[in-house]
Amino acid sequence: HWPQAMLPFSDDELAYIRALDADADAELLARELPILRPECVRVLELTTALLKRCADAGMTLYEIGSLLSRPFEGADEDPSELERMCALAKAAHAEM
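Residue numbers (this note's numbering): 226 to 321.
No lab work stands behind these hints, which were simulated from the structure alone. Don't be surprised by glycine CBs; every beta carbon is placed ideally from N, CA and C. Please note: incorrect hints may appear among the correct ones.
[As the list claims (entries may be wrong)] DEER-style ranges, computed between Cβ atoms:
(1) ALA316 x ARG256: 31 to 41 angstroms
(2) LYS277 x ALA255: 14 to 24 angstroms
(3) ASP237 x ALA316: 31 to 41 angstroms
(4) GLN229 x GLU320: 39 to 49 angstroms
(5) GLN229 x LEU275: 16 to 26 angstroms
(6) ASP237 x ILE260: 32 to 42 angstroms
(7) ALA240 x ALA319: 32 to 42 angstroms
(8) ALA319 x PRO228: 35 to 45 angstroms
(9) PRO259 x LEU232: 32 to 42 angstroms
(10) PRO259 x THR285: 35 to 45 angstroms
Model the full assembly from the supplied sequences, consistent with the hints where possible.
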């Protein structure tokens, strides 16, 4: 639907993404919106890290969005790639 999402990031966009600071954003949210649940802040931290790593790896917004989206078939019952990665990390941590 958005063909521009398939274009690579420009140098300016990459610089902007690299400058994102999830810790500072989390502090701002905690200060300005204290009722925000910790799980919501964790999503901010996780997705900011994912965006930075994927952009540095040369992925497009379309490719990054595909990691976050559940498949259309199956009535959204199948997890997204990000959900799968989180479940694997959680299981690996539990085994420690």
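Status of each hint after checking the structure:
no., hint, verdict
1, ALA316 x ARG256: 31 to 41 angstroms, "holds, 34 angstroms"
2, LYS277 x ALA255: 14 to 24 angstroms, "holds, 21 angstroms"
3, ASP237 x ALA316: 31 to 41 angstroms, "holds, 39 angstroms"
4, GLN229 x GLU320: 39 to 49 angstroms, "holds, 42 angstroms"
5, GLN229 x LEU275: 16 to 26 angstroms, "holds, 20 angstroms"
6, ASP237 x ILE260: 32 to 42 angstroms, "holds, 35 angstroms"
7, ALA240 x ALA319: 32 to 42 angstroms, "holds, 38 angstroms"
8, ALA319 x PRO228: 35 to 45 angstroms, "holds, 42 angstroms"
9, PRO259 x LEU232: 32 to 42 angstroms, "holds, 39 angstroms"
10, PRO259 x THR285: 35 to 45 angstroms, "holds, 36 angstroms"
Of the numbered hints listed earlier, not one is contradicted by the structure.
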